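Take these sequences, add in the hints, and give me the full structure.
Note that the sequence shown covers residues 1266 to 1583 in our numbering.
Simulated from the structure, these hints should not be mistaken for lab results. Do not rely on the hints blindly, as some may be mistaken.
[As the list claims (entries may be wrong)] Computed beta-carbon distance windows for the label pairs: (1) Val1441 with Thr1519: 49 to 55 Å; (2) Ala1523 with Val1407: 27 to 33 Å; (3) Ser1561 with Ser1328: 24 to 30 Å; (4) Cys1283 with Thr1437: 41 to 47 Å; (5) Gly1409 with Pro1490: 25 to 31 Å; (6) Pro1396 with Asp1310: 38 to 44 Å.
Source: prediction; values computed, not measured. By construction, the Cβ of each residue, glycine as well, lies at the ideal position given by its N, Cα and C atoms.
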Amino acid sequence: MCLKFESKGVLHQVLATCTINIVNYAHGAALGWVSPFLPLLQSEDSPLETGPVTVEQGSWIGSILCLGGLFGAIVYGYLTEKIGVKKSIASLCISNMSFWTIVYFGTSVYHLYLARFLAGVTGGGVIVTFPLFIADISDSKVRGALGSILALAGNSGILTMYIVGDLLSYRTVPVVMISLPTLFAILMTLIPETPQSLLKQRNVTQAEQSLKFYSGLKSDQECTPEFKQQFEKLRNFILNSKLQSDRLQLQDFTSPAAKKGILIGIFLMFLNQFCGVFAILTYAVSIFSESGSTLSPGTSAIIMGAIQIVGTIASFIF
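Right, dumping it as structure tokens:
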């Protein structure tokens, strides 16, 4: 549903989107963590008490994140309906903080398996909840730009990890990076739940206050006829959507339009995953160390991460 917002409301939308992307930035760092530290884990100087990580164990450290992502997507798809979009997003700090904590205290490869699985849970939650949040709070004119921040924040986190991983020690990195989910958890207390989630929970008064916030109106400001009309439209839209979802059946997914949408989504995700970008980002330093380049593997990975940022920015400018 398309909502109208004042310019101050757009500012609130931008600030809210930047706030939720703090945990996405931290997740990007967790995603890129393997690249600078896998060579150390596989060396004789491994910080793990169990000794150097084998090639097979290294592949599990890299790939088990995807299993966590699958689990996280399912869990957060359920949570958004039960507790609301904003609360679901706020809970992402738990799995991300757990990742950095386990990396710091972990003494065996199995601890790293668990840490990477939890990092995947964060990623799965981000993919499910962020588009819902942005769609709920944003004006249609800025929705595309706000949605693009998701990719920019994640890729910036990867680049940051390539840089700090090249400069800081294995134990220092998690101490520094855990500040991000901590800051995120604090700032999330300042952001209201989306009006749609509150209406689904029958919190009409809070939903009205939330819509005021994201529309750029003061909480004690008198509601204009236009605002009241907009709120009633939203309320009726949510009510009708809930009635339709209660009657959702398998046949709803077999219509030509539904099939087309599902196939397009699967095809796009197929291209995204099977292009090999995840493997390259995860094992960048190891790959460059085998390439014979005169540049150091860490520097090469940083350059690659910077190019990815340029591509991300270009994608939503052009």
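Should the hint that Ala1523 and Val1407 are 27 to 33 Å apart at their CB atoms be regarded as holding? Holds - the Cβ-Cβ distance for Ala1523 and Val1407, about 29 Å, lies within 27 to 33 Å.
Between Val1441 and Thr1519, is the Cβ distance one that fits in 49 to 55 Å? 50 Å, holds
Do the beta carbons of Cys1283 and Thr1437 sit within 41 to 47 Å of each other? 26 Å Cβ-Cβ, so the 41 to 47 Å window is violated.
Note whether the CB distance of Ser1561 and Ser1328 lies within 24 to 30 Å or breaks it. 26 Å, holds
Within 25 to 31 Å or not, the Cβ separation of Gly1409 and Pro1490? 30 Å, holds
Is it true that Pro1396 and Asp1310 lie within 38 to 44 Å of each other by Cβ? Distance hint for Pro1396, Asp1310 holds at roughly 42 Å.
Consistency note: the structure conflicts with earlier hint 4 alone.
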